[in-house]
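Novice: What follows is the residue order along each chain.
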Amino acid sequence: MAALGKRKAEKSPTPSSEEEEEEAGNGNEVTSGSEELDSDESTDPEDELNTSSDSEHSSQPSQEIVDVDFEYFDPKPNDFHGIKALLRTYLDDETWDISGFTDLILAQTTVGTVVKADEDESPIALLTALNIGRYQKCSCMVEIHKYLRVKSAHKVESALLEDFWGKYAREVALLISERLVNAPLELAPPLYQGLFEEILWATEDEPTQELRESFKIKHYLYLTKVFEEVTEEKSRDKEQRKKQKEESEATGQLIYIKPEDEILHELSSWSFTFPVTGDGAAANQTKGLQQLRLVMAVDAKHEEKFQAELKKLIE
Amino acid sequence: MHLGVQFENSNEIGVFSKLTNAYCLVAIGGSENFYSTFEAELGDVIPVVKASIAGTRVIGRMCVGNKNGLLLPQATTDQELLHIRNCLPDSVVVQRVDERLSALGNCIACNDYVSLIHTDLDRETEELVADVLGVEVFRQTIAGNILVGSYCQFTNRGGLVHPHTSIEDLDELSSLLQVPLVAGTVNRGSEVIGAGLVVNDWTAFCGLDTTATELSVIESVFKLRDAQPSNIVNEMRASLIDTMS
Chain F
1 MAALGKRKAE KSPTPSSEEE EEEAGNGNEV TSGSEELDSD ESTDPEDELN TSSDSEHSSQ
61 PSQEIVDVDF EYFDPKPNDF HGIKALLRTY LDDETWDISG FTDLILAQTT VGTVVKADED
121 ESPIALLTAL NIGRYQKCSC MVEIHKYLRV KSAHKVESAL LEDFWGKYAR EVALLISERL
181 VNAPLELAPP LYQGLFEEIL WATEDEPTQE LRESFKIKHY LYLTKVFEEV TEEKSRDKEQ
241 RKKQKEESEA TGQLIYIKPE DEILHELSSW SFTFPVTGDG AAANQTKGLQ QLRLVMAVDA
301 KHEEKFQAEL KKLIE
Chain S
1 MHLGVQFENS NEIGVFSKLT NAYCLVAIGG SENFYSTFEA ELGDVIPVVK ASIAGTRVIG
61 RMCVGNKNGL LLPQATTDQE LLHIRNCLPD SVVVQRVDER LSALGNCIAC NDYVSLIHTD
121 LDRETEELVA DVLGVEVFRQ TIAGNILVGS YCQFTNRGGL VHPHTSIEDL DELSSLLQVP
181 LVAGTVNRGS EVIGAGLVVN DWTAFCGLDT TATELSVIES VFKLRDAQPS NIVNEMRASL
241 IDTMS
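As they're listed, the protein sequences go chains F and S.
The first sequence runs 1 to 315 under our numbering.
The second sequence runs 1 to 245 under our numbering.
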């Protein structure tokens, strides 16, 4: 962000919104998001640079607003690599059939949305729901089931999870919501609205009775990433930390990467967390934050309440 | 003969391995699956060696070699160099190169007779390539890209280049390299051929995402369908007469 300020100063006068704005094409739905860049990190010499050479243009020396338009599309075969990249850490460093999973998402054209800055760009966000009963036999779903079963092994929720893949499978949908870390919060409400509408339409429009039934979803199963605060003393004292891990699950405050996850967690019927394995874990330990995975089950009845809460969160 | 492989969920196997007619280098780490796929296919013909270069796993992009020699970047540690030298056949000359553009695998593409190099490579490096690898050296670009090692893969029998290569460029390169070339993709539309595919005269390995169409193109341009490992170079065999009788 500081670098952007610098570049602007060096170039001849062009309003920053012109370089950064991406025009909306004849897209389906368009959401304008405004991102505020704050150059808190910019040191004094940079500010001087800004004001001296660009004084007539930057009346706000410390904040610039960048206009970006995001468009919502159905997942298309071209999005394969982009969606695969978003799903790369879905099961941490487990080796599994991500390509097959991506193919399932692409094949389900009736339900599922991808957010891009432009039709030919890579996806920034993905939201879809896959009925567990319908796709149960696919190798990727089997692998996801195995992974979740292993991770929930000694927990109370393990039996509930097994039911979701067993007797309730046809009423449960796996909710998949992945996005780039700094994607704006404003993307979420239209995404979810779109999802619930598409599911409703699918219960009426799908060609066969079986498919129509498969979209009558009663529960959503959701796997997402969260952080947990680990206080300084705990992280330094390894032994004490190990003990506490064994005794209790959430020793600290949970920090949600996607803000709507907090609402979903509050509305969930049950949930559990487990620590992350792989590269992400080590990097975040030092900052006093531990990366966790959160699995939760949300009843479909809470759809409207969720959307209302989400709206409130944005405003 | 072609095989689909993955290294720790990544389809860019050309980053983690190097395959020539005389040896194969494989990165350490990941599951044993990666190594054992190569071992199973090549083990009884050529040595398959686990190695690291400069402590990294991206060995496919750091080094370049053929049956005559192997060039490693200056950052390769003595231990790694010794290990590789010990495991490779004696006929292969292993040499460290002091070159600013240290990702040799991205800058140089070669088979046993000809090589293409990055336009900004040093004169000394160019001479080393000619001496150690025993090849004729050409400075070229591929579809306007200077990283020739990334955007093409060729063997003594054929080659695959960046999909946006023009017909004129294809003809020019083909006449330089003296092998048939085709412009295509690997790993379901990826243009980075060097990362997605490793190939020698009788086997190819590519990422699991590679589609059937891409595979058939690879099989036909590299002439892998009836390929057999052989130490004797058979250019023109009397096979025509064999099949008729």
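It is worth saying that the hints were derived from the structure and are not from the lab.
Be aware that one or more of the hints could be misleading.
Per label pair, the in silico range of CB-to-CB distance [said to hold, decoys possible]:
id	chain 1	residue 1	chain 2	residue 2	range
1	S	Asp171	F	Pro259	54 to 62 Å
2	F	Gln253	S	Asp98	33 to 41 Å
3	S	Glu124	F	Ser62	47 to 55 Å
Some chain F residues close to chain S (C-beta under 10 Å, calculated; not the full set) [claimed, not checked]:
id	residue
4	Glu94
5	Ile98
6	Tyr256
Values in this document were obtained by computation on a predicted structure and should not be read as measured data.
The beta carbon of each residue, even a glycine, is placed where N, CA and C say it ideally should be.
Novice: Would you mind marking each hint as holding or not holding in the structure?
Specialist: Okay, the hints, checked on the actual structure:
no.: 1; hint: Asp171(S) / Pro259(F): 54 to 62 Å; in the structure: 57 Å, holds
no.: 2; hint: Gln253(F) / Asp98(S): 33 to 41 Å; in the structure: 53 Å, violated
no.: 3; hint: Glu124(S) / Ser62(F): 47 to 55 Å; in the structure: 51 Å, holds
no.: 4; hint: Glu94; in the structure: 8 Å, holds
no.: 5; hint: Ile98; in the structure: 6 Å, holds
no.: 6; hint: Tyr256; in the structure: 26 Å, violated
Going down the numbered hints, you'll see the structure goes against 2 and 6, while the others check out.
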